[in-house]
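Student: For the sequence shown, my numbering begins at 8 and goes up steadily by one.
The set of hints was computed from the structure by calculation and includes no laboratory data.
Hints are not guaranteed to be accurate.
Derived Cβ-Cβ restraints for the label pairs, each shown as a range [as the list claims (entries may be wrong)]:
#	residue 1	residue 2	range
1	K270	I75	16 to 26 Å
2	D261	N176	57 to 67 Å
3	A109	K259	34 to 44 Å
4	N24	N48	46 to 56 Å
5	R337	K246	20 to 30 Å
6	K259	D283	46 to 56 Å
7	A271	F330	39 to 49 Å
8	N223	E288	24 to 34 Å
9	I75	N48	15 to 25 Å
Quick caveat, the model's predicted, so the values are computed rather than measured.
Note that the Cβ used here is the ideal one computed from N, Cα and C, for glycine as well.
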Amino acid sequence: MRFIHCSDIHLGKTYRNPDAESIRYDDFFYAFDHIIADAVNGAVDFMLIGGDLFHVGQISPKTFARTIESLQPLKDAAIPCIAIEGNHDWIHRRDNISWMEALSHMGYIKLLRPQRDNDGGYLFPLFDDAQGLGGHVQIGDLNLYGLGYIGAQAGSHVERICDAVTTGNNILLFHVGIWSYSPVEIGNMKLEEAHPLAEKFDYVALGHGHKPYIINSPDGCPYAYNPGSPERVNFGEQKYDKGYYLVDTNVKGDGGAYQVTFKASDPRPMVVATIDLNGTENSEVALSRFCTLVTALLVDALDGSADERAPLLELKLVGKVMFHPFELSRERLSLALDEVVKPLHLEVKNQLS
């Protein structure tokens, strides 16, 4: 069997300014739509979403409707989409139905969520298509289990998770990071805490961190995979590879691991840089130097790129200047920058002194 494993799509994210809002909103849907097109054109057997399909739990009806449009080709092609909730799209109040649950009830995804017994053990009931609920789904000879986001103590749950699974040919969806690999500071577990999963699951489909990485068992066999996000979600991700995994269970590699191929996506250009204005005597001179330095760094950062999309810029201003730093307001910098290069979005960290 062949499947796609993606995660951290963050549909609904945008910037709250009129020039960028609709364009940036579209970026995340375009990334998701391209993955779905690859799934349909490649006739994969199913698709996995490792959490954070949405940027927030309380999305707008507009975002929900557009998500349905995006998922429709999978449904039309009878390609199951198996998903879990991440920390972004999880709703804390369990008396409210979430948008993820609504998608599951409508048949656009199969949302996997475990149950817990009175002793804190895990239960993974078989997915009920009529109710759109379950913790475990069977596709061919594969058994897929879903956990979602547990939180900071995820590592302490691994033993109970493994004890609850008695089948073979298992895949686990788990929205969690692994310390020293994951770029996020919360929702991680230690590497040694994750290793017992390799004895129970042939493939652990991770989510949460926005850069791709692969975890090997102590004997060197890969077993857990984090695809990262297909679009650049936050500043700081400009150097991360972006994309998803295409997995073939019929082709085995080291230690019997599935064949896993990283497929690159096409995120919007992002540049993060420090602009040194040290020694400038007034704001006019500083503004001129600012534009010159930014133009040069963009030429260097985007050298050889045929991408004509407006970049996302985060610029940190540093140095000791002979005028009040607040004279270089974000608005003034943005207007000056528009004359040489018009970014889709600009964030300025003014650390001048």
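Student: All hints are to be evaluated individually against the structure, with a verdict given for each.
Tutor: We went through each hint and held it up to the structure:
{"no.": "1", "hint": "K270 / I75: 16 to 26 Å", "verdict": "24 Å, holds"}
{"no.": "2", "hint": "D261 / N176: 57 to 67 Å", "verdict": "18 Å, violated"}
{"no.": "3", "hint": "A109 / K259: 34 to 44 Å", "verdict": "38 Å, holds"}
{"no.": "4", "hint": "N24 / N48: 46 to 56 Å", "verdict": "35 Å, violated"}
{"no.": "5", "hint": "R337 / K246: 20 to 30 Å", "verdict": "25 Å, holds"}
{"no.": "6", "hint": "K259 / D283: 46 to 56 Å", "verdict": "52 Å, holds"}
{"no.": "7", "hint": "A271 / F330: 39 to 49 Å", "verdict": "45 Å, holds"}
{"no.": "8", "hint": "N223 / E288: 24 to 34 Å", "verdict": "56 Å, violated"}
{"no.": "9", "hint": "I75 / N48: 15 to 25 Å", "verdict": "20 Å, holds"}
Hint compliance for this structure: hints 2, 4 and 8 are broken, all remaining hints hold.
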